[in-house]
Amino acid sequence: MSAIALDGVSVTLGRARVVDGVTAELEEGGWAVVIGANGAGKTTLLRAVAGLVAFHGSIRLLGRQASQLARRELSTLLAVLPQEPSTPPWMTVADYVLLGRTPYIGYFAQEGRRDVDAASRALERLELLPYANRLLGTLSGGEKQRVVVARALAQEAKIVLLDEPTAALDIGHQQQTLELLDELRREAGLTLVAAMHDLTLAAQYADRVLLLDRGHVVADGTPAEVLTRDRLARHYHASVDVVELDGRIAVLPRREQRPAPEDAGR
Amino acid sequence: MVESALDARAVRARGIPPAWAVAAGTFLVVALAVGLVVGPVHIAVGDVVRSLAAKLHVPGVESPLSPTEDAIVWDLRLPRVVLAALVGGMLALAGATYQGVFRNPLADPYLLGVAAGAGLGATLAIAYLPEGVRSQDVVPPAAFLGGAIAVSAAYALGRSAARGRSSAALVLAGVTVASFFTAVQTFVQQQHSDTLQEVYSWILGGLPSSGWKDVGVIAPYVAIAGGAIFLHRRLLDVLVLGDDEAASLGVDVRRVRLVLVVAATVGTAAAVAVSGLIGFVGIIVPHAIRLVAGGTYRMLVPLSFVVGAGFLVLVDAVARTALAPAEIPIGVVTAFIGAPFFAIVLRTSRRVG
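Top line first, the protein sequences correspond to chains A and B.
Just add 1398 to wherever you are in the first sequence, counting from 1, and you've got the numbering used here.
Just add 596 to wherever you are in the second sequence, counting from 1, and you've got the numbering used here.
Worth flagging that the hints you see were computed from the coordinates, not collected in a lab.
Worth double-checking, as some hints may not be accurate.
Unchecked claim - Among chain A residues calculated to face chain B with C-beta under 7 angstroms, some are: (1) Ala-1452; (2) Leu-1475; (3) Pro-1486; (4) Trp-1488; (5) Gly-1504; (6) Ala-1517; (7) Ser-1518; (8) Ala-1530; (9) Arg-1532; (10) Leu-1534; (11) Tyr-1634.
Positions of the beta carbon are idealized from the N, C-alpha and C atoms, including for glycine.
Using the sequences and the accompanying hints, generate a full structural model.
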């Protein structure tokens, strides 16, 4: 069974068709990365899968029709790591991670033993237990990112959507975050779907790459199949070299040599 | 085993820290006592306590109060103190709720036009009241109705503008409706300048000394609105993350927001109907709590009610006595006491908001 099955998924925002007839099946336990230039429809596609925007076509999550799931039920199958998660500075780490249990807590109820256990496990797994009573406002960017991952983990959903998970991090924290997500994927059998701009990082972690352009999937396959010099030139208007490093693809931007201005050195 | 014991201590669903619960409770009790004792007629604290003990049939205690004093304390001051507590608690609670629902720290209970609507309702009632109808019977329901109509109009307008997705549209709709209602109110007021004095004193806010009647009017609204908000306190913490994140955590954002806005508005309209426009409580009380005790809604909601109640009882005591026998409008006193107090809290707080 595929974790996510998209069939002719389209999203119209205003008059613009931002996602146009996307069809794809993503396997359970895989890591798929959605790439594409700004405005290609990556975030909107993820929002449609998360049930945050109306769509046409069919989306099945773990075999179940997403449009027929209640909001709460959908949230037990699928967690979202937004690009800019809000982390209220006055909230403690423990309180924040407990919010991940919301889909399991009745409308008027408070957290029970199981919810506290799930949050504790998530904090322990991410080595955040010593931080449990710290306020979010006192954490660094990298620590906050881990806390947000812990909240998603406490949600105990099998599918996790990530919108630019590394956008605000330095290169070291980018690698640590992606390694961590990859470990969690293997341990818990999570299916990860990430929208990413950094193509080299995407190629190092993804087993599947979908390239979007103006709402269409224009290429779909392994990183080596999708990330070619010609494609990136056509769909990103980018001038790059694609090289192989340790058996994986790396995408290097290159600057076109231009003739030196005639008045150089004057 | 040792490790899991550690977990249990580190991660818990935190309610109100006991120290803060005790502090807030003490504040309210002290405020209520001050409210009962203070007034133009001097009655000693000890006598009031002994009178209370006698009323509770504590054996061997005789009330030292004369019948007149007894009536002043228990039939005049007590209902007014209880009314002040209900109004203050409701306004602070509604303010905290609006701030959470709209993710805007400057939101106050009058954000969606309830004040302007109530003002118009009260003005119409005062201006067009037929001879022989007592205004204190008609003004509260008219104000309540006006407030409810204004907020409904703002909600309908905001929803149609943004299909319920954006809380910013709702706030703008509130501003629009409020200015329209205020314009109509000013016009009516100009046409009936003989009623200017009465309308103006209603707008400045004040608690009536009308015995238990007004308490009976407002109590059910406060109970229902306050209860609904209390039950949603955890969801308020989720809403603070924003519409998308709350939705992806399984919350029906539109429904929860509607329930909370209706509850806060109904409670506010009831408070405004009996007390006029008392500003500042809805902003200053939740913020003072946030700055001092920290700010998840699961603790802010109950603390706001208790502290808001005590705050307005004290303010009313000042309003009654500072220039006795004249009363200062309570809205003036809330701002006069509240602003410097807030400035002190802001300066001495080490927490970063």
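Status of the hints after comparison with the structure:
1. Look at Ala-1452(A): its Cβ only gets to about 10 angstroms from chain B, farther than 7 angstroms, so that hint breaks.
2. A cut of 7 angstroms between beta carbons decides the hint on Leu-1475(A): the least distance to chain B is about 10 angstroms, and the hint is violated.
3. The interface hint given for Pro-1486(A) is met, as the beta carbon of that residue sits about 6 angstroms from the closest beta carbon of chain B, less than 7 angstroms.
4. A distance limit of 7 angstroms between C-beta atoms decides the matter here; for Trp-1488(A) the minimum to chain B is near 4 angstroms, and the interface restraint holds.
5. Interface hint at Gly-1504(A): violated, since its Cβ lies 10 angstroms from the closest Cβ of chain B, which is beyond the 7 angstroms cut-off.
6. Here the hint on Ala-1517(A) is kept, as its CB sits about 5 angstroms from the closest CB of chain B, short of 7 angstroms.
7. This hint holds: Ser-1518(A) has a C-beta 4 angstroms from the nearest C-beta of chain B, less than the 7 angstroms allowed.
8. A distance limit of 7 angstroms between C-beta atoms decides the matter here; for Ala-1530(A) the minimum to chain B is near 4 angstroms, and the interface restraint holds.
9. Taking 7 angstroms as the C-beta cut-off, the interface hint given for Arg-1532(A) is violated, the closest approach to chain B being about 11 angstroms.
10. At about 11 angstroms, the closest approach between the beta carbon of Leu-1534(A) and any beta carbon in chain B exceeds 7 angstroms, and the interface hint on this residue is violated.
11. Proximity of Tyr-1634(A) to chain B is violated relative to the hint, the smallest CB-CB distance being about 27 angstroms (cut-off 7 angstroms).
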